[in-house]
Structures are given as structure tokens and as C-alpha cells.
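Please build the complete structure, drawing on both the sequences and the hints.
Single-letter residue listing:
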Amino acid sequence: MNLTVDVQEQKDKSIVLLAGEIDAYTAPKLKETLLSLTEKEGNKVEVNLEQVNYMDSTGLGVFVSGLKSTKENNSELKLVQLQDRVYRLFEITGLIDVIDVDKTVQGGY
Amino acid sequence: MDALKLDLSHYRQLLKQYIDTQDESALYEAEQISKRSIQHNISLEEIINTHINALEGIYPDLPENIQHSMSFLLEVMISYGLALQEFQDLREAQLEIKSEISVAARMQNTLLSTVKPDVDGFDIGVVSVPANQMNGDYHHFIHHADGTVGITVADVIGKGIPAALCMSMIKYAMESFPSEHKNPSEILESLNRVVERNVDPSMFITMFYALFNPAASTISYSSAGHEPGFYYHAADDTFEEIRAKGVVLGVTDTAQYRQYEREIHAGDMIILLTDGVTECRQGDRFIESEEVLEVIKSFSHLPAQELVESVYRHFEKLQDFHLRDDFTLIIIKKDV
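If you read the sequences in order, they're chains G and D. Here the first sequence stands for residues 1 to 109, numbered as in the working numbering. Here the second sequence stands for residues 110 to 445, numbered as in the working numbering.
Hint data in this document are derived by calculation from the structure and do not stem from the laboratory. Quick caveat: nothing in here was measured; it's all calculated off a predicted structure. Heads up, some of the hints might be wrong.
Said to hold, decoys possible - Here are the simulated DSSO-like pairs of lysine-lysine, each with C-alpha atoms no more than 30 angstroms apart in a straight line:
| # | chain 1 | residue 1 | chain 2 | residue 2 |
| --- | --- | --- | --- | --- |
| 1 | D | 207 | G | 31 |
| 2 | D | 280 | G | 68 |
| 3 | G | 29 | G | 68 |
| 4 | G | 29 | D | 207 |
| 5 | G | 31 | G | 44 |
| 6 | G | 78 | D | 354 |
| 7 | D | 207 | D | 144 |
The structure is reproduced here in C-alpha cells:
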């Protein structure tokens with residue numbers, strides 16, 4: 001049960017590369033990193049979940065806080081390259097209608 | 110905390126035995142003293158003092174420089190002694206917290222307790238097992254005067270005590286809705302506003318709400334992002350996912366929920382659950398929902414309560430099975 005969180009700053013956006021599992025143990029670390037990025041006024045944040053093979057509902061909670069923070073800070077949050085199992089969670093919870101989730105396409109806005 | 114005294118003469122005797130013979134059995138005894146000292150809260154200083162006294166007892170004319178070295182050792186160990194004391198205090202504090210949590214868990218059980226309805230022509234079974242002390246899953250039956258029953262299954266995202274507190278709020282919000290207000294879509298829309306206004310941004314709730322009408326043998330339902338349940342068709346022995354669209358409670362204040370309705374036929378089953386059931390894992394392997402359905406099917410001849418309990422026990426018995434999430438399963442069977 002581990003998660004690595006890497007942030008790559010590009011000139012027009014921040015890319016967060018995740019690998020591992022997002023659960024109650026690893027979520028606090030992700031939340032801290034994610035919110036520090038979405039709290040930057042106008043920042044574009046793209047989270048790549050290609051290497052995330054497990055996420056539980058605590059992970060959804062992190063992305064929901066991220067979403068709320070983008071509304072307060074006029075920033076943007078986008079999730080890309082989700083594995084089927086993880087995508088299903090966003091689908092069931094109806095969050096695909098409120099969070100920008102792009103299952104397949106890699107890269108930019 | 111009273112520090113007990115070490116038995117000086119016993120210590121002296123052992124020490125002498127070891128100095129004379131270097132016998133292993135004396136070392137074994139020394140280990141026992143060490144364990145007992147921890148059990149009885151004997152301080153590190155006390156042990157070193159006992160050692161000094163025992164040494165002086167064995168060698169009355171102990172060279173002065175050795176005596177000084179012992180005082181020096183005592184001083185060096187003081188911080189360790191304090192750290193040990195702190196560790197013991199923390200351990201006690203942790204026990205206190207544990208017992209407070211179990212009081213809270215009992216209180217939660219009382220606050221959120223619900224009575225399984227007894228309805229003619231149907232058989233209902235419920236099992237709800239928390240992964241930790243406090244259950245973040247919630248299920249509730251509301252018995253309406255007209256014979257219909259409101260059924261709620263919910264999962265608070267965000268675990269432990271905050272989740273439990275949140276659930277109590279939801280229960281009381283629901284009970285305060287007027288009794289004519291029982292349509293699943295309306296109830297979820299009202300609750301969504303309550304949650305959106307009152308709950309921490311990283312917390313939200315998935316909920317399946319059904320209005321069950323035993324007399325008409327129908328069920329109408331809406332879902333706020335909850336794990337889909339299943340409908341079992343006895344006629345062709347198949348399961349169908351009960352899909353209902355809707356976002357989780359507490360994310361946007363304008364959420365709307367679609368309401369669905371279906372008829373329940375003889376021998377059919379409605380299966381409601383939380384993601385603790387479909388996210389079961391055995392070691393590193395996920396248990397797929399097909400497997401859960403197979404297990405349900407294999408026990409489906411049993412009365413509903415025995416059925417749900419057998420399903421839970423089946424997964425509990427698997428090797429390396431670890432309940433990572435609260436597990437709630439409700440099955441409503443229509444009599445044949």
C-alpha cells in the first residue's frame with residue numbers, strides 16, 4: 001500500500017503523476033500536494049492516474065476537495081488516463097459529471 | 110504512579126551467581142527481572158540503583174572509581190528513564206482513547222439503530238459489519254403509516270468518528286422531513302442540500318433511497334452515487350444491476366435525482382449493498398461482483414437473514430481476507 005506523488009511544473013500547467021494505491025493511508029499525502037496546486041490562483045492542474053491500480057472512496061474525497069478548491073481559487077482540475085476500475089468509481093458516484101475526467105486522452109487541455 | 114522496589118537480595122544473589130560462574134541461567138533470570146520491571150513500572154534509575162547497591166553488597170570495598178562510574182551511568186540514563194515514563198503515559202492515554210471510542214461506538218449503535226420491517230409476503234435480511242470500531246455505513250428503515258417502508262443504504266466517505274457523527278445528522282434530518290415527503294428523488298434532493306451546507310468539503314455521502322410498497326409489490330428508488338444494487342430474476346435465474354444516475358450528496362447544491370420504479374415478482378430478490386461488499390479483497394486480489402452474486406445465488410434457498418449472514422461468513426472465512434471497508438448487505442425476497 002504505497003503511493004508516489006510526483007509533480008512536474010510545465011509552463012502552462014502542473015502535472016501530478018501518481019503511481020500506486022490511493023486509500024485512507026495514502027490520501028492525506030495526495031491531498032496536501034493536490035490542494036497546494038489548486039490553491040494557486042488560476043493554476044491548471046492535470047492529474048495522471050495511469051499507474052493507479054486501486055483507489056477507494058477516500059481518494060474520491062481528495063478529488064472532491066480539490067474540485068471545491070478550484071472553485072474558490074479560479075483554478076482548474078483535470079484527471080487523465082484512469083484505469084477501468086478507478087474510472088468506474090467516478091462513474092458510479094456521478095462525479096464524472098462534476099469533475100473533468102478524461103479516461104483515455106493523454107496530455108493537454 | 111508508584112514505582113515498586115526491586116527485590117535487592119534476589120538481585121544481589123543473581124548478580125553474584127553470574128559473576129562467579131557466568132552461568133546462562135542467571136542471564137535468563139536477569140531477562141525475567143527486566144520483563145517484570147517493565148510490567149510493574151519500575152524505573153530505570155531504580156534498576157541501576159539496585160545494581161549499585163547489590164554490587165556494594167557483594168564487594169563492600171568496591172574501588173571508589175567504580176562507584177563514581179556508577180553514579181555517572183545513572184546520570185547518563187536519566188533521559189532514557191524519562192522517555193520510558195513518557196511512553197508508558199502515552200500507552201495509558203491510548204487505552205483511555207480506545208475506551209472512549211468504544212463508548213462512542215456503542216452510542217452510535219443506539220442513535221442509529223433501526224428496526225427491520227416485518228412485511229407480509231416478503232422476507233428481509235440485513236447484515237452490517239464495520240471494518241473498524243465505528244461504522245461509516247448506514248442503513249435505516251422508516252415505517253410509514255400507509256404501510257410503505259422507506260429504505261436507506263448509505264456510505265459516508267471519510268471514515269471513523271467524523272463519518273459517524275455525520276450519519277447521525279443525516280438520520281435526524283430525514284426524520285424531520287414531513288411524512289408526506291417520501292419520494293426518493295425529493296428526499297435525496299433535500300438531503301443533498303443539508304449535506305452540502307453542513308459537511309466538510311472532503312466528506313460526502315453516497316446514498317440509495319427506496320420507497321418500498323409491499324401491498325403493490327413495487328419499489329421506487331433514486332441513487333446519489335451509491336454502489337448499484339442488483340435485482341434477481343427468479344424466472345430466468347439472472348441478476349441485473351440496479352443502475353440509477355445521480356451524483357453523491359454534498360458536492361453540488363443543485364443536484365437532481367431521477368426516480369425509477371419497478372415491480373417485484375414472486376421469488377425475485379432486491380439486493381442492496383455498500384462498496385465494502387464489492388470492494389472485498391483476498392490478499393491482493395479483488396473479489397469481483399460476479400463472484401459476490403454467485404455466492405448470493407448459492408445461498409438463495411435460505412431465509413433472507415440467514416442468506417445475508419452466510420454471504421458475509423463466506424467472505425470472512427476466505428484466507429487472507431481483510432475487511433478494508435464497512436460491509437452492509439440488505440436482501441429483500443418476495444415469497445413464491
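Exercise for review: Provide an ascending list of the numbers of those earlier hints which the structure does not satisfy.
Suggested key: none
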